[in-house]
Structure formats: C-alpha cells, structure tokens
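Following the hints, complete the assembly by docking chains B and C onto the known chain A.
Protein chains in written order, with this note's numbering: chain A, 28 to 342; chain B, 6 to 281; chain C, 146 to 599.
Incorrect hints may have been included.
[Claimed, not checked] Subject to a maximum C-alpha distance of 16 Å in a straight line, what follows is the list of computed EDC-like cross-link-like pairs (lysine to aspartate or glutamate):
(1) LYS67/B with GLU197/C
(2) LYS450/C with GLU318/C
(3) LYS67/B with GLU204/C
Hints listed in this document are in silico derivations from the structure and should not be mistaken for laboratory results.
Letter by letter, the chains look like this.
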Amino acid sequence: MATSEIRGIDEPAAGVKTGPASANLQDEASWRWLTLSPTVIVFALLTILPLANMLYMSFFNVGWAQGSMVLTPVGLQNYRDIWGDNLFLAGIRNTLIFVVAATSAEMVLGFGLALFCSRITRGRTFYRAVFILPILIPGIVIGAIWKLMYNFDFGIINQLIGIVSIPAQDWLGQYETALLSVIIVDIWHWTPFCFLLLLASIEGLPQDVYEAAKIDGASFWQELFRITLPMMWPAILVTFVFRMIVAFKVFDEVFLLTSGGPGTATEVVSFTIYQRFFTEDRIGFGSALSVVTIFIVLMLLVLTLSARKRRKAGA
Amino acid sequence: MTGTVGVRTWWVHLLLIGAVVIVIGPVIWIVGAGFRTQISLLMGQFWFDPELFNFEEVLFSKTSEYLLNFRNSLIVGSLSTALCLTVATLGAYSMHRMRWPRWVVHSLLGWALIFHLIPPIALAGAWFAMFRNVGLDNTFTALILAHATLNLPMALWLMGVFVREVPVELEEAARIDGATTPALLRQVIVPLVMPGLAATAVLVFIFSWNEFPVALNLSLKQTATVPVAIAKYAQDFEIKYTEMAASATLSIIPALILLLVAQRYIVRGLTAGALK
Amino acid sequence: MRISRFGNSSPRVLSLLLGTSMLVSAASLPGRLQAQEVAPITIVINQSPWFEGFRCIVETYEDETGNVVELDVNPFAGSLEKQRNSVRAADGLYDILIMNSGWYSEMYHGGFVTPITDIDPSFELDPAVDSNDDTVYFDAATGSSDPESGKLMSMPIAPLIPLLMYREDLYEEYGLEVPETFEDLLNNAQALHNPPERYGIVQRGARGPHTVAYDFYPYLYGHGGKIFADQNSGDFTVTLNSPKGKQALDYYIQLAAEAGHPNTASLDQAEVIQAMVTGKAGHIMTVIAAWPQMDDPNKSIVVDKVNLTVPPHAPGYPSAPAFGHWLGGISHNVPEERKQAAVEFFKWYQTPESQIKFAECGGVPVSLAAYDSEISNEREFRWMAPMKKGLPLAVNIYTFPEAAEVIAILELELNRAIAGETSTAVALNTMAEQIHEVMQRYGYRTGMLEPLAE
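This is chain A alone, in the form it adopts within the complex:
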C-alpha cells in the first residue's frame, strides 16, 4: 500500500503521480468530462439559484402588497442588524458549545465502537444493525419521545434515578441541564453515523499491514497509533467535518424538546434562522443570518483543516 494514497481532503489527487498511466488518452479525455458532468449539472441547476437568491435577498427588505413581492433595497442594513439580534448571538454561543461537545463525543464513541466491532468475528452484523437504529428514527419522533422520557412528573429518566434516590430533575427546564440534555439526545442520535462510516473505513484498510505488525509483535496501542489512526485520517476528517456541519444545522431536536428555552439556554442558530426567516417572514434579514452563519462555519472549517495541515507538517 503506497503511503501517497493516504491523503486529506484538502489536497485532492491531481497531477501525474496520482492518475494511472492511460493507454488510451482519447478515451480518457471524453470520459473525464462524462463522469464529472452529472455533478456539475446538478450543482448548476439546483444549488446555484437558491444560493444566489439568498445572497441577493440579504440586501433587501421583502414585503408583500396586492399579492406581489415588494423589494426595498437596504444595503448592508440587514447585516448591521445582526449584531443587535440577541437571539442570534445567544444562538451562536450555544451552537458552538453544542457542536464541539456533541461532535467530539460522537467521534470518540463512534470510533471506539467501530474499533471494537472490527475486532470481533462473530456478531458484527448484529451490533451494526443495533447501533444504526437511532438514525433510522425521524428527528421529530426522537424529539417527542425524549421529551416524554425527560418529563419531570412521570418520565423514565426521573423514575430510574429515583431508584437510586437522586431527586427528580427538570432536565429540559433548568438552565444548568437544558443544553446538556439536548446534547445527550444528539449523541444518542448521531454516534451511529460516525460508527458506520468509521467501521466501513476500518474494514477497508489493507490487511497485510496488520499482519506485518503482528509478526513484528506490535502492541494494541502501537497498532492503534502507528497504523490504524494514520491510515484512517481521511475518513476521520471527512466524518468529523460532516458531523460538524450537520450538528451546526441542528433543528429537529431543539424544535420539539425546548424551542430554545428556558430563556435562551438552548437557542441554536438554525432555530433563530427559522424564527426570523419563516415565523416572522423576514426573508431579507433571515437570508443575511444564513449568509453570516455559512461564513462562520467556513471559518471554523478552515481553522480545523489548517490545524491539521500544521500537524502534518510538524509530523
């Protein structure tokens, strides 16, 4: 296995070294276009318009009269107003806490479970099927059911902790526990996502390296840090980035569990956007919020990726 194959997402394969030498350049040239064009077409038709529309609208106030749209240009006013929007600022703070806490826990748990699962020969099908169950359940059901489980008067969680004489808690209603309770639901819901992807990646690793390590008498930890982790970096990074993005968009759970309360303790960004964009129908301001959110997440991603690059350069 050539080490050049283990490559991060920030450096896509290009150039002579990575493409196989082709016997038929003509064939390759046409197939090159044919294979990429579906992606380009889908993106061009279905993503550029909505995004461009959003960017455009963020410079207007949108109203309606006599059944048609009335656009009032306001320049950068919508962007200036964002800094006075208390819900959005609280949302950013909570979302960052939520994303960091939930994503790290899910990655660690998912990787651990995948690693263990890959080490057994019997029952792997069973474990995989069980661990995947939570992502099969629609978010709205998860919200409703966990809300019942967290219920103060008759929820199963208070019943269980009552057995060991811990007083009943108002999990979703207390400032101290509300965000944590939402994070726990998210960990339960999304660890399987990390597990499934990381297990697929572990299973795809070449066996000869492990056999060689075995012969050399490598310990479990040596094997983990010297072989498994380095070879899995691309998969780990992609899983992490995807989980992070989806966590940033968290909505379903908050919508049914807390609606952002108590106060603004569980207000998250996409909930604020939903509130401003849809409930209040402020399309211009809501678009500006979306644009700023995208910008913030992009910054975070750049930071994550460059941290990894530095780490790699140092290694």
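Then chains B and C, alone, in the frame of chain A:
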C-alpha cells in the same frame, strides 16, 4: 478480521453489549409506545397490555394514508439514492483519478461544502418556486432531484475518500490490460469501494427517508412521504405519542432491511478486495 | 346545478345523482374537463384535534351537493409555509386557505385573499355566525377590522378560545364554587393543591412559537391590561407595561408559586394537557380544541370528571378569552370559477343545519345557532354553554402582519420572568421597549408609557 493483538474477545463483547443497552433502550421504549394506550404511556406505567389499535389507526383509518406515504417514501428514497450515488461515484472518480486541475476539484468540493451548510428549510421555498415554474411541483421527479441534491455533497465527499483508498497500481494494471473507463469502473473501482458505497447508500437512503421540510414543501397529498405523515401526529394541541410511535416503528423497517441486505454487499466487497 | 341549500329533498336527490354520475364520468374520462357549474375546490388545512370534524362536514357537503372538495392536510409545523408557497406563486394550488389567527392578517395585508363579496356581491354572513371579534372584515385602506368600512374577507371556520377546565368531582368533594374572579381561582387552586400528587393549577410558561404569551392574554386582558392602546384606530402605543399589566403578570406568577407546578417555566401545551388527563392538575386554562382528550378513556383517567367555564377576570372587567381561531379565505390567484365554488361551500357551511352537524362530527361550530340547539344540553356537549358565553367576549390580540415578531419578544421575556430570571417590572419594561422598536421599524404610529419602577 483485523488484528486481535492484546484484546480479549469477551471483554469487547461486554463493552459492546453495554453500548447496545444504551442505544436500544429508547428504541424499545418507542416501539413499545406503539403498542400502548396514550394514558398508559403518560402515566409512566412500566407494565402494559400490548394492543394493536395504534397500528390499525395508522394503517387503516380513514384519514391516514400511511401505505401510500410508505410507497412514496420508498420511491423517493430508492430513486434518489440511486441517482445520488451514480452521480457521486462518477464525480468522485473523475475528480480524484482523472487529472483535473486542482482548482476544478477544489471549487466543486468547496461549493458542495457551502451548499451543505445551508439549512434545508431555507432551500425549500426557492425549490418550490423553481419546480412550479417548470411544472414539476408535486411530482416525484421534483422530490427525487431535491433529495439527491441535498445528499450529493455528503456522497461526493465520502465516495472521494473511498475512491482514493483504491490502490493506483490496480488501476494501472487494468489500463495496461486495455480496460476502457466504463470497464475499469465496473470491474475494478466499484467492487473495491463496495463497503464504502454500501455505507454511503445506507446513509443517503436514510437521510432521504427521514427528510421533512423539503418533502413537505414539494409534495401534496398524493406524493407526501412518511415523515410528513408522522409530523401530523405532533399537533398544536396534542401530540399523539402512541400513533406517532406506531408509525415510526413501521417506518424503521425498510431502512433496517436495507441495512441487513447491504451487510452482505459490504462483506462481499471486502472479500473481493482481498482476492484482487 | 347550483344547489346550495339542502332540506328540500328532491333537488338533494337530484344533485346526489348528478354528482355521482359526474364522478363516474370524471373517473372514466381522465384528463377531460367536465362541464359543470361548481368547480372542484382544494382546501389547505392543518391536522388538529378538530380536523376530524371538519373532514366529516366536508364529506357531508360532498354527499349533499355532489360538489367535489379536495383536502390537503398538513402537519401544523409547516402549514403556513405551504400556504405562502401557494399564494406567492403565479397560480395558486389552493382555493381556500384555512388561516390561523397568527397569520390571517399577513394574508389580508399582502393581498393574498380575495374578499368574498368581490366574488359574490350577494353573499352575506349568516347573522348567527360569530364574526370572531370582526376579524373576518378588513379595510385595506386603514388596515383595521372595521365591519363598516371593511370588506368581508373570510368565513369563520373554527372559533377556538381558551376555557378554564376544572375537576368537577374535586369541586364537589371540597365544596368549591365555579370561579368568577381571579381571586376565586387562586383560592380554588390552593384548595386543590397537593403536590406532588396534584397541582392546584398547571399553567404554560415555556417559550415556544405562541405558547406562554397565548396563555397570558386572558390574564392580561382580564385584568384590564392591553398590549397596544387601540389597534383598530391605528394607535399602536405600547401599553403592555401599565400597572394593570404588572398586576396580571404578578398574579400569573403568584398562581404558579402558590398553587401551581414547580416547573411552570418549562411547561408547554402538551404537558399542561397531560397534567390534566393524568389527574395531576386541579385546573388548566387551555384551548377548547384540547377538550376531546379529557373524555377519551384511551387518553385520560379523568373521563367525565372535568367541566369548563369561561376564564376568570378581575372585578370590573369582563372575562377575556383570546382568539386562537381559524378563518377560511379564498386565494387571490385561482381561477374565477373555483372562487365561485369556494363561496358556494361557505354558503353551505354557515347554515345552522351544517353547523349543528359540524358539532356532532366533533368540530367547534362558528354559529351561535349550534350552541342554542338541543345537543348543547347533553352531558357530552357540556363545553357548548361556556363557549356560547365566551365567544362574544373573546378578544383578538393582533391585527397587523408583523405580529410574529412581537410574539417572539413576549415568549422570551415572559418565560424569563416566570422562571424568576428577571422581575416582572423589568420584563414588562423590556418587552414594551422592544415591541416599540418593532412597531417603529415598520412605521406604525406608536409610543410608550412611563416605564414601571424596577
């Protein structure tokens, strides 16, 4: 399959069983809720006599069109997964193995990322207007295209990882043997990325199966999917927990079957990979 | 085949026959337009406890007239988005929009609803139908709901208001009287308060789309408080932080503290209702639409033990249930014949006969004729007498399309005050200030009171 250095199997099983209990507890609670009366669920009673009327209500009552919703979800889920994976596998292969200039690959993946950052609910209105303008609103085509697009960034990135794990040497050998691109894709790439393809397919299917805001906006009665039906049980004045749980229980089935079937492909893909 | 009345049996049979044959021929000739006088219509509505009743009445309409009605039923979350999609497109999908009190004014102001009398000048609202605090009328020039200068925009569909539900069995056991004033309510709630087995009253305090604010209105208006000075005359001076407003909020919190649930600040509507059906509440004040759960043995252990009355009030002020009602409006962007067909449906819907049938089907009628009918004496329909008393007193809270922004402010600050995070005076002053800002931004004639001493 992988090394078993230093870790005893029963230990691993014990840990995994512990995780199983945590994961499966709430699922059993949800499935169980489908067999209870609402008042028994609300009273927090532990034991209950299972009854089937929630399932009857969901499947056969006059206002529920669950079987129709189920069929719609199957159509949308499977076709959008097929479309999404075809586009993504071709695209990922092209981007990572066909000598595109860096900027092309970077901008496509970067765009995928930016697009993926938008909350889907913010796209729903714009897509509705687009599809209505071309007369595609309230059709499966619209919903399939929308779901394939929503999941394309994830599929593209994941398939990128899996495609890059395919050793270049194998590809070169096939080229030297005179394989054309389609033959190469069919005989070398796809078998080798099978575990990844299967995992991606499962995820794309599940995301499409559970997607709510876009499905709601792009569908009418005849094309509504399962989550739209389930959401109807969360009403303004009443959450019908037990009907909701029953319909959620039923909705788990296809994805679970898919997962069990896909396992075989994952294993087959692995063996094929080992044999090469 | 324009037959809008029933009761006369021969046209009814004729229309049934015609309707059936039309259906048969329509089914056998797909794609070909049928020559018929009343076009098929599509109604967009959301799933709710009273939807079953509406579906039943629509089926009755189809059976009696042979006209075709399609119902597009949506989850509550998202039904507004679907209506917006339709009315903002070049041609609409839906002919009749079933609009909530939270968004009807957005539809009126945006010009998305065609006045009924513009479609059919002969149309008149049945005198027995409650005008829902005149919200069916709209004067586009002033934005007010003045029945004199305004046009008839919509037909009341479900006049939902909150009522006080109390445990009748416990009232007898403890020898309590049905409460008239807020003081009575506090005393009765304290009498039934026995935590944690049972709370005297369970109130909403959670932040939500329209949650704690909606439950607070009967207390605010019942104490003589108001959010705005006079919306109908265009005076949007914010009067929320008046001494009466403070009295109301102090009372709401006192009730929770002395006879309520310890976690009032985190309770939403579903949990309030759950408390009642599980026997954990002596009183709840909630929307009539939640009523059917109380008497359903699958959902409740207090079947036949609950009764209702209008919300209490402070001495000298009337009871003030707040409208959370549904209105039917005809979409502006649908063909004329479908608009006509929609008016036909309204004509039929408002008749006393239809409304009594609607009640029997499980709906909440809009016509006082239904509340005066014999069925109102039956135990099963014991909610009808308080509805009849409450409807004429009910108040509509907002008449302007930007109300969602005001509601969001109320939800957050009321929640914080009930959680004890801020004092009532600070909460009221903050809300007033922020609401004033919103009204100013949209150019309404507005002003503020002296802030309350904090």
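Structure-based check of all given hints:
no. : hint                   : in the structure
1   : LYS67/B with GLU197/C  : holds, 10 Å
2   : LYS450/C with GLU318/C : holds, 12 Å
3   : LYS67/B with GLU204/C  : holds, 12 Å
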